[in-house]
Each structure stands twice: as structure tokens, then as C-alpha cells.
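Next come the chains, spelled out residue by residue.
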Amino acid sequence: MSIEVRHITKAFGTFVALDKVSLTVSRGELVALLGPSGSGKTTLLRVIAGLEQPERGSVALDGQDLTHRNVRDRQVGFVFQHYALFRHMSVFDNVAFGLRVRPRRQRPSAQTIRDKVVKLLTLVRLEQLAAHYPAQLSGGQRQRVALARALAVEPKILLLDEPFGALDAKVRQELRRWLRGLHDDLGITSLFVTHDQEEALELADRVVIMRDGQVEQVGTPTEVYEHPATPFVYHFLGHANVFHGQVEESRLDFGAFRLELPLGHLPEATTAVAYARPHLLDIAHQPTEPPQFRATIGSIHTAGPLVRVELVTEIGTVVHVEIPQERYRQLALQRGAAVFVRVKEMQVFPQHGNGQLADVDLSSQHTGAASRSSV
Amino acid sequence: MFVTLPFVARELIPLMQAQGQAEEEAARTLGAGGWQIFVQITLPNIRWGLLYGVIMGNARAMGEFGAVSVVSGHIRGLTNTMPLHVEILYHEYQFAAAFGVASLLTLLALGTLAARRVIEWHVTTELGYHAVAQMTEER
Chain C
1 MSIEVRHITK AFGTFVALDK VSLTVSRGEL VALLGPSGSG KTTLLRVIAG
51 LEQPERGSVA LDGQDLTHRN VRDRQVGFVF QHYALFRHMS VFDNVAFGLR
101 VRPRRQRPSA QTIRDKVVKL LTLVRLEQLA AHYPAQLSGG QRQRVALARA
151 LAVEPKILLL DEPFGALDAK VRQELRRWLR GLHDDLGITS LFVTHDQEEA
201 LELADRVVIM RDGQVEQVGT PTEVYEHPAT PFVYHFLGHA NVFHGQVEES
251 RLDFGAFRLE LPLGHLPEAT TAVAYARPHL LDIAHQPTEP PQFRATIGSI
301 HTAGPLVRVE LVTEIGTVVH VEIPQERYRQ LALQRGAAVF VRVKEMQVFP
351 QHGNGQLADV DLSSQHTGAA SRSSV
Chain A
376 MFVTLPFVAR ELIPLMQAQG QAEEEAARTL GAGGWQIFVQ ITLPNIRWGL
426 LYGVIMGNAR AMGEFGAVSV VSGHIRGLTN TMPLHVEILY HEYQFAAAFG
476 VASLLTLLAL GTLAARRVIE WHVTTELGYH AVAQMTEER
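Residue numbers (the numbering used here), protein chains in the order written: chain C, 1 to 375; chain A, 376 to 514.
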């Protein structure tokens, strides 16, 4: 079942939660709605479910317009942020609810309901806890009950609002992998909301990044991570070192260093922002190929697979660099040492208007730069 | 009724606000109709709060004096309350009966206090689930 959302606008009073949002989700896809709080991602999910009525725009499932259809008739499964389990009902009754409230003619027999609930509880590995009440369950178990309850009505699409938001890190990891497996087995079109970029990138087929009620970028995890369309996306999808600079004599001057770039489309004195991920910077004792800049080592964190080094540039800005343990041992870095930081790859965005951007890959060709326009 | 219903409402409104409407919305996405949601989800969730309101309303009704005396004319056996009955008996020099009714009223008051205590405990448990949910949210 595919989802087509067209030009949805939704406001709460004067606050515009969604501003002409369009989105297409293909059949069987698992799509993440990613954004900071207040970006409208939950509202979009609720509009698709029919829990909110949009002021303008339409929602269609498989080409069928459902904008004005009741929630009951939409056949969507919705997993709420805090699961919204019926706390006066046992786990079994929670899952059976959707089947028992059907009109008498469409209602399955008690035996069919029982079989189906048991099957679903086995699927979410909770068959032992059928008689328990929500208050007696752990967060992860509640989440699985909510999922089983949503699946019981055989929804055409599955919508999940912050499905792992209220769980601790370890349970979250486990459930994430499990949910991905479940999605692949059932093949049900799913859309989930998250503010955790790692979760979105790891779990989803495609990621929709939202900001202030608008879609900032849509793409596969690799696309959005490696080619962010805007500074906001770059910032949101991981740690970033920010350099503020200006175009001078067709070069970008960042104070600490200069970039030789064929940025013909950028006029003189344009302010620009360059972003570089910590793992796309390298440290060396001797000057190597440009672009590079001098810096002093501030602190070193060696825990984990990557060594995180904090450096201070000559102009006083702080730069974070991540290098593999092996490279760290090879360099034998000391606090306070003066070193060179080499930029392997960075992305340059003009400060005003985020239409144009330069995608700079310095690893292949240190002076070469590929400019392209964002969509 | 008019004097006591606000007591029920005052008890229920904050309770329902604290519980939110997530469960009702969940029921809606599962295909339940308005009446099914009210009977199967909303009512069971507020049952203790509702009972609490009724008990408090009843307590207020038992002790009613002024409104009944002035407005409805306190006709014996028709529009009368216990405190008014105590007054009537006292004026008729039936002291024993008057003290009897007064004692009964005291016992009812004690009973109400006990019931209130029990229900208050249940209301906190009704809210408790949500308090836990909110705590996990903050974390």
C-alpha cells in the first residue's frame, strides 16, 4: 500500500505545524520522519492516520483519497509514543480489542480471535505474558504489545510515533533490529517518527528530514548523510565542524586556512559556511598537501573504536577530529602539541539562500571541487 | 443535583486531563466507535474518580440545610434532609429522636470519610500509570 501526501498544511492557532508538505511512500517501504522537536513530524503522522484534519492538502492510500475519511475506515495501524495501552485490560485483551469492536457481522468468532491473538503474541515474543497488565510490563514489552495490537486489525500501513523514544539504549538497539526484521517479513508499508538520526539512518529505507513544518530533504540514508542538501541537514545528521569564511580572490578564506576552489558562481565577499565531519579530518605532524591548517591539541578521548581529539586553531576556534586507534598510536599525539589538520572532505554552503552548494571532495583531487545544485 | 454535580465534575476534569486522550485515540485507530470507546475505555479509566465525585456529592447532599430550607420549604417526607429533620424534631421537643438522627448523620459522615480514603488510594493508582509514563518521557 503506497502513501501519497500532497501539499498538506496544518496550523494550531498561529503556529504552522505543517507547511505544504508533500511526500510519497512506496509500497513495502520503511520510511523515517526525522527532525527536531516541533518540526511537524508527529503532526504529519497524525494527519496520515486521520487523527488530525489538515486545513489544506490531501492524503491518499494506493491512489484512493482518504482526506475526509474517518480514522476507523482508514485501516492504519498506529503505535503511539507512550504506547497508549489500555491499562485496565490484560495484554491479551489489549491485542484482541481491535477485533472485538468490529461490527457483529464482520467480527471473527471468539476462537478465531483467540488464535489470532496468540499468534501475534508469539510473533512479538510475549505469549507468556498474555494475562499480565500493562503496568506489570517493562518498556520494551509494552512497546511490543502496542505493535501486536496495531497489527491485529491487519492494517494496510503501519505508523509509529517515536517507537523507541522511551526505552533505554540497549533495549532500543535490540528492538530496532527486531523491528527491521519484522518489517522485512511482513512487508507492510511503514512510516516512523524519530528525532534520533542514528535510528533513522540505521533502520529506514529512506529518510525524510523535516524542519519547521517543511521537508528539508528526502533520500536514502547514504544520500542524506553523504550529500546533505542544506546546512541544517548536515548539522542534524552527525557531528560537524563548522568554519565560517568569505570568498576572496575566488578563494574561500576561513581564517585558519584557505580553500582553492573554482567557485565561479559565488561573487566576491560572499560569506560561506564549510562543514567537515570529524572523521573526514586527519592529523599530521608535518605539513602535507593542502588544505590544511595549524592547530594545538586540547584534549584526547581514547575510549571507543575512534580516538576523538579536540584541537584549537590559530584563530581560537575548536575543531574535533576522529582518527582510528591505529593512526593515533602511529602519531603518538600529546596534549599541547602543535600539529597540522588536513581536510579530506568538506561541504561548503553559501550563507544566504541555501539553493547553491559546493560539494568538495578533497580526497581524490585536493584542488578539485564538484559543484552542484541541490534539488 | 445542581449543588452537587460540580463536585463530580471538579473531581473528574483534572483526572481526565492528566490521563490524556491517547487511549481513546488508540481505540479509534483500532476501529472502535464513539460509544464503544466511552464504555470500554473512558469509563473504566475514570471509574474511581467518578465514584469519588459521587461520594463527595452525596456528602454535600446529606448535609444540605440552607438551600432546601429556603427554596423547597422542607416538607416532611417529601423535600427534607437530615439536618432539617434534626431541626424539626428538636422544635417538636423530641430530643431523643433528634439526637438519634444526629448520631446517624455522624456515622454517615464517618462512613463517607472512610470511603473517601479508600477511593483516594484508587484514584492515585489510576493516575500512577500515567505518572510513570511521564517520568519515562522526561528521561
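These aren't lab readings, by the way, just hints derived from the structure by calculation.
None of these values were measured; they are calculated from a predicted model.
Check the hints yourself; a few may be wrong.
Facing chain C, according to a computed beta carbon distance under 7 Å, are these residues of chain A, among others [stated by the list, open to error]:
#1 G409
#2 I421
#3 A442
Non-contacting residues of chain C with respect to chain A, defined by C-beta distances greater than 10 Å in every case (computed) [to be verified]:
#4 P36
#5 D62
#6 H82
#7 R87
#8 T313
Using N, Cα and C, we set each Cβ at its ideal position, and we do this for glycine too.
Which numbered hints are broken by the structure, listed smallest first? Those not satisfied are hints 1, 2, 3, 6 and 7.
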